[in-house]
Amino acid sequence: MRGVTGALAGPVRRTLPWRALGAAGTLGLLLAGAPALTGAEPTDGQTLVLLRGIALTGALGLAFLLDDPARHLTAPVPTRRPARQALRVALVAPPAALWWTAVLLLTPSGTRPPVGDVTLEAAVICALALAGATVAVRLTDEPRPGPSVAAALLLAAVLAPLLAPESWALFVPPGDERWAAAHDRWAVLLCAALVVAAVGAAEPLRRGRLR
Amino acid sequence: MSAVLVAEPPAVDTGARGGGARAVLALAGFEARRLLLSVPVVIAFAAYAAWIVWRTRSSWDGHPALQDADRATQSMPMLVGLAVLVCADLAVLRSARHGTEEHYALLVVAPWRRTVAHALSVVPAALLTAVCVAAQFTWEALKPGAVGHGSPAELLVGPLTVLLFGLFGVLLARLVRSVFAAPLLVVCLLFTSVLGTGPDGADGLSWLSPVVAGGSATTLPSDLLGRPAAWHALYLAGAALCAAFLAVLVAGGRGRAVRAGLALSLALAVTGGVLQARGAAPSPELTAARERASVNPEKEQTCVTRGRSTYCAFPEWVPRADDWAGVVDRVQSLAGGPAHDRRLLVRQRIEARYGLESDAAIPASATAHQVTVGTGWGGNRVPEFSSAVAAVLVTGSERATEGLCDGRMVTVMWLALSWQDDPMDALRRVRLDDSVSGSAVVLSPTEPMSMTEGQTDVVRRLLERPGDGVAEKVKEHWAELTSPGVTTARAAELLGVAGPRKADSCEE
Chain A
1 MRGVTGALAG
11 PVRRTLPWRA
21 LGAAGTLGLL
31 LAGAPALTGA
41 EPTDGQTLVL
51 LRGIALTGAL
61 GLAFLLDDPA
71 RHLTAPVPTR
81 RPARQALRVA
91 LVAPPAALWW
101 TAVLLLTPSG
111 TRPPVGDVTL
121 EAAVICALAL
131 AGATVAVRLT
141 DEPRPGPSVA
151 AALLLAAVLA
161 PLLAPESWAL
171 FVPPGDERWA
181 AAHDRWAVLL
191 CAALVVAAVG
201 AAEPLRRGRL
211 R
Chain B
1 MSAVLVAEPP
11 AVDTGARGGG
21 ARAVLALAGF
31 EARRLLLSVP
41 VVIAFAAYAA
51 WIVWRTRSSW
61 DGHPALQDAD
71 RATQSMPMLV
81 GLAVLVCADL
91 AVLRSARHGT
101 EEHYALLVVA
111 PWRRTVAHAL
121 SVVPAALLTA
131 VCVAAQFTWE
141 ALKPGAVGHG
151 SPAELLVGPL
161 TVLLFGLFGV
171 LLARLVRSVF
181 AAPLLVVCLL
191 FTSVLGTGPD
201 GADGLSWLSP
211 VVAGGSATTL
221 PSDLLGRPAA
231 WHALYLAGAA
241 LCAAFLAVLV
251 AGGRGRAVRA
261 GLALSLALAV
271 TGGVLQARGA
281 APSPELTAAR
291 ERASVNPEKE
301 QTCVTRGRST
311 YCAFPEWVPR
321 ADDWAGVVDR
331 VQSLAGGPAH
341 DRRLLVRQRI
351 EARYGLESDA
361 AIPASATAHQ
371 VTVGTGWGGN
381 RVPEFSSAVA
391 AVLVTGSERA
401 TEGLCDGRMV
411 TVMWLALSWQ
421 DDPMDALRRV
431 RLDDSVSGSA
441 VVLSPTEPMS
451 MTEGQTDVVR
461 RLLERPGDGV
471 AEKVKEHWAE
481 LTSPGVTTAR
491 AAELLGVAGP
501 RKADSCEE
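Protein chains in written order, with this note's numbering: chain A, 1 to 211; chain B, 1 to 508.
Please note: incorrect hints may appear among the correct ones.
What the hints assert, rightly or not - Derived DEER-like restraints, expressed as beta-carbon distance ranges:
hint, chain 1, residue 1, chain 2, residue 2, range
1, B, Gly-438, A, Pro-165, 44 to 50 Å
2, B, Arg-34, A, Pro-108, 41 to 47 Å
3, B, Asp-422, A, Phe-171, 32 to 38 Å
4, B, Val-295, A, Gly-116, 53 to 59 Å
5, B, Asp-359, A, Thr-38, 26 to 32 Å
6, B, Ala-135, A, Phe-171, 29 to 35 Å
7, A, Trp-168, B, Gly-378, 27 to 33 Å
8, A, Ala-164, B, Tyr-104, 50 to 56 Å
9, A, Ala-164, B, Ala-498, 46 to 52 Å
10, A, Pro-82, B, Arg-254, 47 to 53 Å
11, A, Val-115, B, Glu-357, 35 to 41 Å
12, A, Ala-164, B, Ala-366, 30 to 36 Å
Calculated from the structure, these hints are not laboratory results. Beta carbons: idealized from backbone N, C-alpha and C, even for Gly.
Could you put together the complete structure from these sequences and hints?
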């Protein structure tokens, strides 16, 4: 099994949606470098919004990760779908981590919010993108669910800060007394998203009813 | 014998133009239905409708000025526009994504005609937005307390924004044939609206963005707004058409109509852009008119008489004189002595010299027996105006109210609040910190007043008692209650309630 996975790594690496990931990554780096390029001095809150937006950009790229035009051909291969999807995630994880580090280093150091907590928020939105993609793959026959997942993620990202009750306190500004509690909630959200992603990754034994 | 029945050959539509137009319309109808029923657009419209209902129910405390209400319709269509942008982009790219582009090559409908159909499919979304905008504005206009005039150009901005975003999505799909361009563009657009870099309308460049809501801290008469709204609507329409014609051109439409349309729409957009930039800074005439309205409003205003008093207001606010008269009459009916029959002049005053964004305070008027009223009404504005009326009845003028900190404050606040339905709630609302104990600042249309802790206690005791006994005592002791220098303890004694625990802290 290990040998098969190893042998798959090369072909899977070639089928990854590098253009989408590259476009999202480049845009994210440009956004991160924008304050330094334009000489602007953003406030704490602006830097946080900037980082959240960059995380959203990266997550939009990741929403395309499970797009596989050859999906119907690879369905009968002995390596199961969770393993193939995990391979895709594993191949993308190191560049994504490098990219996020670069983004953090590019933003102005003076107004940078706590790195660990912002990374947690970024991880949540990326996990949500992946969960959406796995669920879309599981529930539909669409070889490329990326655009729909990206649209849904974008819509959720626009509406969540507008509509989420104030008492949930997810989108707190830096320096807010609820910051620590908010990030406990973010951690719970991360676990939930990962569980959904894991459940969505499993290949159903029978064809779903949504066909 | 062979009467061969020659079947007429099926009418082949060789007239590419006529058949093409029909096919384009059919495709446009199909795409429009798909666009309106796509999940992001449905959710965006649902959120938009919910926002309209939730906001309009309580906006401006039921007393909107329509020259503000029209601008308030502009911001939320941006959300719908973003959803339409993404969905229109994905719709144009659908054939490429599903590998059906080759099949379309067999049809008579050329790619540029399909682009025309996609551009037309955005129009129903814009029309639906127009319906929402019209519903929101009509709701505001039908409120009994509505005053002023809305501007059609400001109302057009919402639908035109949706049209512009949707057509831009079509153009984007023709320029960048990848599905992730639209979501990434939306993130960039979100940044421009979220990151606090929203346009303020101060210079010509900021008017290039679709929605220039401009912070509206104050309400001004509609001829003092100084917003190039009509030119902005022209600019938006020109930019939207320009995007549509450009998309058709990119898709291979080289007809004379396309080129002419592109040139014309570009001319429209540039004309609108240049003229709105010229109108962004206030013209000398507007500056002079604002100066006049701020410093010497007498010439601009219309005066009406209700009962004993005269009410002078900018023409758009004259219908509100009855509301003001109701407050003045109730306060005056509680007053005693000469104040009971005094002729007051209620004058509306504004500070228009610093534009819409500033929230400049209006200085107290030195004229005797003149009360200032602002442009807002309803909610907290009522007890604030009531306090100003009471203060002028007690002290004689607004200027004399400055630094008022003796026992007369008790009479002022009792006159201002005791006639209201819920005096304690009115007391809480008229105080800056929303408290009913301790010292606090009392708001009024001009300079705020201040209440000490002892005065607050006495006023609270008075308001908690049935009003009639107090009303008799106020009229009976009017002269002493309103004489300068009367202490809070003496006022409480005259009115028959327990005095403050310690002496007035004003003198400390």
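Verification of the supplied hints:
1. Gly-438/B / Pro-165/A: 44 to 50 Å: With Cβ atoms ~32 Å apart, the hint is violated.
2. Arg-34/B / Pro-108/A: 41 to 47 Å: holds (44 Å)
3. Asp-422/B / Phe-171/A: 32 to 38 Å: Taking Cβ atoms as reference, Asp-422/B and Phe-171/A lie about 36 Å apart, which means the hint holds.
4. Val-295/B / Gly-116/A: 53 to 59 Å: Holds, since Val-295/B and Gly-116/A (Cβ atoms, about 57 Å apart) stay within the stated range.
5. Asp-359/B / Thr-38/A: 26 to 32 Å: Holds - the Cβ-Cβ distance for Asp-359/B and Thr-38/A, about 30 Å, lies within 26 to 32 Å.
6. Ala-135/B / Phe-171/A: 29 to 35 Å: Between Ala-135/B and Phe-171/A, where Cβ atoms are some 30 Å apart, the hint holds.
7. Trp-168/A / Gly-378/B: 27 to 33 Å: Roughly 32 Å apart at Cβ, these two residues keep to the hinted range, so it holds.
8. Ala-164/A / Tyr-104/B: 50 to 56 Å: For Ala-164/A and Tyr-104/B the Cβ distance comes to about 43 Å; the hint is violated.
9. Ala-164/A / Ala-498/B: 46 to 52 Å: Given a distance of about 49 Å, which is inside 46 to 52 Å, the answer is holds.
10. Pro-82/A / Arg-254/B: 47 to 53 Å: Since the Cβ atoms of Pro-82/A and Arg-254/B sit about 52 Å apart, the hinted range of 47 to 53 Å holds.
11. Val-115/A / Glu-357/B: 35 to 41 Å: For Glu-357/B against Val-115/A, whose Cβ atoms are near 37 Å apart, the range 35 to 41 Å holds.
12. Ala-164/A / Ala-366/B: 30 to 36 Å: violated (51 Å)
Hints 1, 8 and 12 from the earlier list are contradicted by this structure; the remaining hints agree with it.
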